[in-house]
Amino acid sequence: MTYFAQQAINAIQLGSIYALIALGYSMVYGVLTMINFAHGDIFMVGAFFCLLLASVVSLPFPVTLVIVMLATGMLGALIERFAYRPLRKAPRVSAIITALGCGLVIANTTLSLSPYAQPMPALFASTSYHFGGLTISSLQILIISVAVVLMTGLDFLIRKTSYGIAMRAISFDAATVPLMGVPVNRIISMTFFIGAGLGGAAGMLYGLAYPVIAASMGILVGWKAFVAAVIGGIGSIRGAVLGGFLLGAVEVMAVAFLPSTYRDLISYSLLLVILIFKPYGLLGRPPNQKV
Amino acid sequence: MSALLEIQEVTMRFGGLCAIANCSLDVEAGRTHGIIGPNGAGKTTLFNLITGIYRPSSGDIRFKRESISGLRPNRVAALGIARTFQNIRLFKNLTVLENVRVAFDSQLHYSPFAAFFALPRQARDERRSIEESLRLLRPFGLAEQADSLAGELSYGSQRRLEIARALALKPGLLLLDEPAAGMNTAETATLTEFLRWVREEFRLTLVLIEHHMHLVMNLCDRITVLDFGQTIAEGTPKEIRDNPRVIEAYLGETE
Amino acid sequence: MSARELLASASRWRWALPALVAGGLVFALVSENYPVINSYTQFVLVTVGINIILSTSLNLVNGYMGEFSVGHAGFMSLGAYASAVLTTKWLPDIPWAFFPSVLFGGMVAASIGFLLAVLSFKTRGDYLAIITLAFLMIVKSAFENIPYVGGPRGLLGIDKYTTLVWALFWVVVTLWVIRNLIYSKFGRAVVAIREDEIAANAMGVRTREAKILAFVVSSFFGGVAGALFAHQIQFINPSSFDIIKSTEILVMVYLGGIGSLAGSILGAVIFTFLAQALQPLGTWRMVIMPLILVFLMLFRPRGIMGFRELIWFLPERELSRPREL
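Chains as they are written, first to last, in my numbering: chain D, 6 to 296; chain W, 151 to 405; chain X, 14 to 338.
Because the hints were derived from the structure by calculation, they are not lab data. We put the CB at the ideal spot given by N, CA and C, even for glycine. Hints should not be assumed to be uniformly reliable.
What the hints assert, rightly or not - Here chain X is said to cover these stretches of chain W; the calculated rule only asks that three of the stretch's residues, wherever they fall, bring their Cβ under 8 angstroms from a Cβ of chain X:
id: 1; stretch: 238–249
id: 2; stretch: 264–270
id: 3; stretch: 311–321
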């Protein structure tokens, strides 16, 4: 029993990280109906930004987090501005390929600069708490709390601020929103900024939780979060969170009972199976097309 | 004597929205039947239901007494129902000839195997496809432009091409969705004569959705009026013209 | 020179293409027995051949049909493993097993391609990209977990059966079959789906059959390319067929030109030589490749020969069709 509970804690930790990354995918898909394949690599860059920062100066955790989020946020917004915006009117295929290309450029640049995996320095001393046979570290508590705080903050942002309302409006009807005086480009940039920032935060948290980072993290971990977003229903904020935790749980459980090499196989097969029965994900809705 | 096309109490719901509500309509063979009504009345939805793009939520659609509700669009086309689209859906990057040939392909019957290895059977069919498609383009005045890209044609030519393409299916029933959209009075008059000729020449039954009243009144034998997805009137052009409910639907209530 | 005259003169030169093929065959046969070219050049030429097969087969789905498949490396992987297993484990040391093994590789890939096609019926665009991506990852993961094919370390000691002659043979077969497909009713159906699937359906096109056909043919030749690849470099592992590989094939297609056979060839040739030229850059090479892709999308999304074709590829009946009736 305690084994399950222990794994449950791991699942929640992994799930919250996946959810943070998945949110970035879903937000962007919501406003632009495009899959930002580069997002997984932005997650990876977040971890490396943290590494860079920590190896140069020693700052308190919250400060590091904010700086990393700002840096990755700007990177995300930059990519949108120069690689995606020119393609807004182009066929969707062009945008997907560009996103894929950008992601690979980022991943391989990082790989060229850092060919080997690097250890992530601990930003603070972590203590372990024991109760009822379970062990939970302060690091795990921190990671889960930060993720929850960020997600709650995003939820508030989307439901209660004018930015959030505009963002949701764009995801419903991109054509009429500019006619209502909404600065669509700015909203979209903000969306990328926030989504990328969340991804960067996730990267930093992931690096602290599993303290060896490598350039391949974007594809290995970041794309898993993409799977989570699609499972939950890409474009749906709640779907991203649902998918993140669902995938986290599935992966932790799979690794607990099967050889760890099966993990990716199970995750991607789960995606395929869900798409067969629910082609738009668990909470997603099909795009409307006028004939 | 049952009609060529029978729409029997068809309802179409999209989630909470009811686009067509208990609509019934009969189209007699050889006639020209008009469907009119304000925007959003469900006219194009009706076409989409007939051609299999949607499946009716309830009710039945029969063609030559056989039910065609929910059949896939290519099945409906094979049975002899062809259509044009409100927003012109040509294959823009294909040539004029290729557009027609795509529709003509349902008359060719060779297997993929024959295609892979370029067997004689396939070569013969292909030549036939080229000849007959060109032949079809001539009366539409498009034969000289056979190698032009469909997307580069003038608006009027594009509309004509869409009709030519539909006719390559050798249909018995032709559905035209706003064929006169964007045309002025002179062009509409030419179109009216042209459609009359098409109906005779290809021995068709025509159903058209239109807003240009001149075209509808001059061309159609019978008219059905839709509003909010329901039939509010049906009859000869004269009957419809004088029908107060129709006037109200288009112009609002009279004082 | 007017278009009509150009067409007529090009028709008279139609013999050039078969002559080129025959010449290539002679050259390939000669170089097999006499040291006309060094082994590095031979390696590069074979690679060009394999890449032509890859780009042409992917072009069928991505270019002609306008879908977005990211998983072509997965078909390559299936073909590579299937054929390698046949020649190294089931029929070892039997050279004539090579040709059947390539066919076998193609068929294994095609059967999975069939599955993907069926999955694609309800989805388009982005979702197909997702499904093909998942497929790619699943294939990679699956092979990593099968000890029989060497798990993550892969298969070694594959015989070097892929000669220049075989590569040329399969290039010709691929181009010929796909060319015939394009200029048939099935090809027109595929292109009509790209242009407007709903209208195509309404015009009697059996879109489901067309999609199946396109995917099956595309994946078959992807598998063939994989089989040739395995018997060229003599060693394969799951990582040889990952997203990087798929991206390289995408570059070939979108660089050379979508919806064009000549474009596929051009893209493959340019890419192969580019990849060789950039070798000294190491991993930075993989920064430049996707960057090329990004610039292509921004400035020339259809590629060099997008939707245009070399006249010699057109069947005679298309060129000499009656102009007046």
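Going down the list of hints, with the structure as the test:
Coverage of the stretch 238–249 of chain W by chain X holds [criterion: at least 3 residues with CB-CB distance below 8 angstroms; count 7]. Counting residues of the stretch 264–270 of chain W whose beta carbon lies closer than 8 angstroms to any beta carbon of chain X gives 4, which reaches the threshold of three, so the coverage claim holds. Under a criterion of three residues with beta carbons nearer than 8 angstroms to beta carbons of chain X, the stated coverage of the stretch 311–321 of chain W is upheld, 4 such residues being counted.
When each numbered hint is compared with the structure, no violation occurs for any of them.
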